[in-house]
Amino acid sequence: MQEDEKFSDDPAENMKLENEFLKIKLKAQYGDAFFMQTNADLPPEIENQFLKNMMAFEDAHANAALTSVYESIGKPDYQPADELDDIEVEVELKRVIAILTEHNITLDIGDGPYPDRLIYTFITEELFGHESEMVDIDGLGSHFIYEEFHPNHKGEITKCTHQFLQRWFTRNFDKFTTELSSDIITFDGRQMSKEAAIDKMELFFDAFQEFKDDAYNVDKVVFEIKDETQTGMGYAEGSLKYDALLDKGESIHYEGPYKLYLQMEHNYWNIFYFVMPGFNW
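In this note's numbering, the protein residues as written are 1 to 281.
No lab work stands behind these hints, which were simulated from the structure alone. Honestly, I wouldn't trust all of these hints.
[Stated by the list, open to error] Below 30 angstroms or equal to it, Euclidean Cα-Cα: the simulated DSSO-like pairs (lysine-lysine) are: (1) K220 - K175; (2) K159 - K200; (3) K27 - K52; (4) K241 - K259; (5) K220 - K241; (6) K52 - K23; (7) K52 - K94; (8) K159 - K259; (9) K94 - K159; (10) K154 - K226; (11) K241 - K194; (12) K154 - K194; (13) K16 - K52; (14) K175 - K154; (15) K154 - K220; (16) K175 - K194; (17) K259 - K220; (18) K159 - K226; (19) K159 - K212; (20) K259 - K175; (21) K194 - K226; (22) K194 - K159; (23) K248 - K200; (24) K212 - K154; (25) K220 - K200; (26) K226 - K259; (27) K248 - K212; (28) K259 - K212; (29) K94 - K75; (30) K52 - K25; (31) K212 - K194; (32) K16 - K27; (33) K200 - K212; (34) K200 - K259.
When you get a sec, could you build the whole thing from the sequences and use the hints?
Right under this line is the structure:
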C-alpha cells in the first residue's frame, strides 16, 4: 500500500483496513513468527504506528550487515587507557559513553561498580571491535551487558546467596523462585523436584508464626568453571542466626553455619543443595 493510497474515504475505517493489510503483509513475510490478534481496546492510530515500527524493525534486520560498534558511531578519536591518568580516564569514559548514547547504544553493568579504567579499556579495546547488526531505527537501539563479555561468577553466586537467605527469613519460596535449581539434592542423597523441596520447606515454615532478629554473613565463595562446557560448580558459606516464633509467643533460636551448593548452566547460577540451621529434610 502506497502512502497516499486509501481503502476508504472514511479516515477511521481506512486506518482499520490499513492495519489489517499490514498484519496480512507481516504474516505473509514472516509466517508463524508473526501473530497479533485484533484488540478492540487498542486505538487504531496506536496499532498502526506499532505495525509500521515492526515492519521497519524487521526490514532493518533483514537488510542489516555486520558492523562494528566503532564504525557505527562514526569512528571517533580516542586515546588508549594506558596513555591516560585516572582523572583523564574518568573524563574520557563519560565522553565515550555520551557518544554511544547519541547513537542509541547502551552498555549495562549489572554487578558493579567497576573501576573507570576497567570499563574504559573494555569499551575501547573490546566493545568498539564487536560486530553485530547495528540497526538504526528511531526509538530503538543496541544494548550490551558487560557481564556477558566478562561474567562475574563470584558476584552472581553472592547475589544468589543473598536472595536465597532473604527468602528464607521471609519464608517466601514458590515455583517461580529462580535461586533454586529444578532438581534439589537432600543431605542423604535423595533427589527431588524444586516444587517437592519447597513443600518440605513450607512444612518447616508453617510450624512458626514468623522469623525475626535474623542476621548473616557471607564468609566464603568458591567456584570452578569448565570452559569446554561452560558449566560450573560452586558454594557459598557463612554463619547466620534467627528466632523462630511459635504460636504462644515462645521462640526457638537457631544459629550456626550454613552452606549453599550451586551449579551454573547457561550463565545462570542456582542452588541444588543446602544446609541451613534448624532445617532437616
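Do the hints match the structure? See the list:
1. Between K220 and K175 the CA atoms are separated by roughly 28 angstroms; this keeps the pair inside 30 angstroms, and the hint holds.
2. Distance hint between K159 and K200 is fulfilled; the C-alpha atoms sit about 24 angstroms from each other, no more than 30 angstroms.
3. Note on K27 and K52: the hinted pairing holds, with a Cα-Cα distance of about 13 angstroms set against a maximum of 30 angstroms.
4. Under the criterion of a C-alpha separation no larger than 30 angstroms, the hint pairing K241 with K259 is consistent with the structure, at around 13 angstroms.
5. Distance hint between K220 and K241 is fulfilled; the C-alpha atoms sit about 17 angstroms from each other, no more than 30 angstroms.
6. In summary, the hint linking K52 to K23 is supported, as the alpha carbons are separated by about 10 angstroms, within the 30 angstroms threshold.
7. As the CA atoms of K52 and K94 are separated by approximately 35 angstroms, the hinted pair breaks the 30 angstroms bound.
8. Distance hint between K159 and K259 is fulfilled; the C-alpha atoms sit about 14 angstroms from each other, no more than 30 angstroms.
9. Our distance criterion of 30 angstroms between C-alpha atoms is met by K94 and K159, whose separation comes to about 28 angstroms.
10. Restraint check: the Cα-Cα separation between K154 and K226 comes to about 15 angstroms, which is no more than 30 angstroms; the hinted pair holds.
11. For the hint pairing K241 with K194, the CA-to-CA distance comes to about 25 angstroms; that is within 30 angstroms, so the pair holds.
12. Restraint check for K154 and K194: satisfied, since their Cα atoms lie roughly 24 angstroms apart, inside the 30 angstroms limit.
13. Between K16 and K52, the direct Cα distance comes to roughly 13 angstroms. Compliance with the 30 angstroms bound is thereby established for this hinted pair.
14. A hinted pair counts as satisfied when its Cα atoms are at most 30 angstroms apart, and K175 with K154 qualifies at roughly 25 angstroms.
15. A hinted pair counts as satisfied when its Cα atoms are at most 30 angstroms apart, and K154 with K220 qualifies at roughly 10 angstroms.
16. The hinted pair formed by K175 and K194 meets the criterion: a straight-line CA distance of about 7 angstroms does not exceed 30 angstroms.
17. A threshold of 30 angstroms between alpha carbons decides the hint, and for K259 with K220 the separation of about 10 angstroms falls inside it, so the pair holds.
18. The straight-line distance between the Cα atoms of K159 and K226 is roughly 21 angstroms, inside the 30 angstroms bound, and the hint therefore holds.
19. Our distance criterion of 30 angstroms between C-alpha atoms is met by K159 and K212, whose separation comes to about 22 angstroms.
20. At roughly 22 angstroms between alpha-carbon atoms, K259 and K175 fall within 30 angstroms of each other, so this suggested pair holds.
21. Of the pairs offered as hints, the one joining K194 and K226 holds, with about 25 angstroms between alpha carbons and a cut-off of 30 angstroms not exceeded.
22. Distance restraint check for K194 and K159: the Cα-Cα separation of roughly 20 angstroms lies within the 30 angstroms cut-off, and the hinted pair is therefore satisfied.
23. Between the alpha carbons of K248 and K200 the distance comes to roughly 23 angstroms, so the proposed pair stays at or under 30 angstroms and holds.
24. In summary, the hint linking K212 to K154 is supported, as the alpha carbons are separated by about 28 angstroms, within the 30 angstroms threshold.
25. Only pairs whose Cα atoms come within 30 angstroms are accepted, and K220 paired with K200 is accepted, the gap being roughly 27 angstroms.
26. The hinted pair formed by K226 and K259 meets the criterion: a straight-line CA distance of about 22 angstroms does not exceed 30 angstroms.
27. Distance hint between K248 and K212 is fulfilled; the C-alpha atoms sit about 15 angstroms from each other, no more than 30 angstroms.
28. Simply put, K259 and K212 have alpha-carbon atoms about 20 angstroms apart, close enough for the 30 angstroms limit, and the pair holds.
29. A C-alpha spacing of about 17 angstroms is found between K94 and K75, which places the hinted pair at or below 30 angstroms, so the restraint holds.
30. At most 30 angstroms may separate the alpha-carbon atoms for a hinted pair to count; K52 and K25 meet this at roughly 11 angstroms.
31. Between K212 and K194 the alpha-carbon distance is near 25 angstroms, which keeps this suggested pair within the 30 angstroms criterion.
32. A threshold of 30 angstroms between alpha carbons decides the hint, and for K16 with K27 the separation of about 17 angstroms falls inside it, so the pair holds.
33. Straight-line distance between C-alpha atoms of K200 and K212 comes to about 21 angstroms, which keeps the hinted pair within the 30 angstroms bound.
34. Distance restraint check for K200 and K259: the Cα-Cα separation of roughly 18 angstroms lies within the 30 angstroms cut-off, and the hinted pair is therefore satisfied.
The structure does not agree with numbered hint 7 stated previously, though it agrees with all others.
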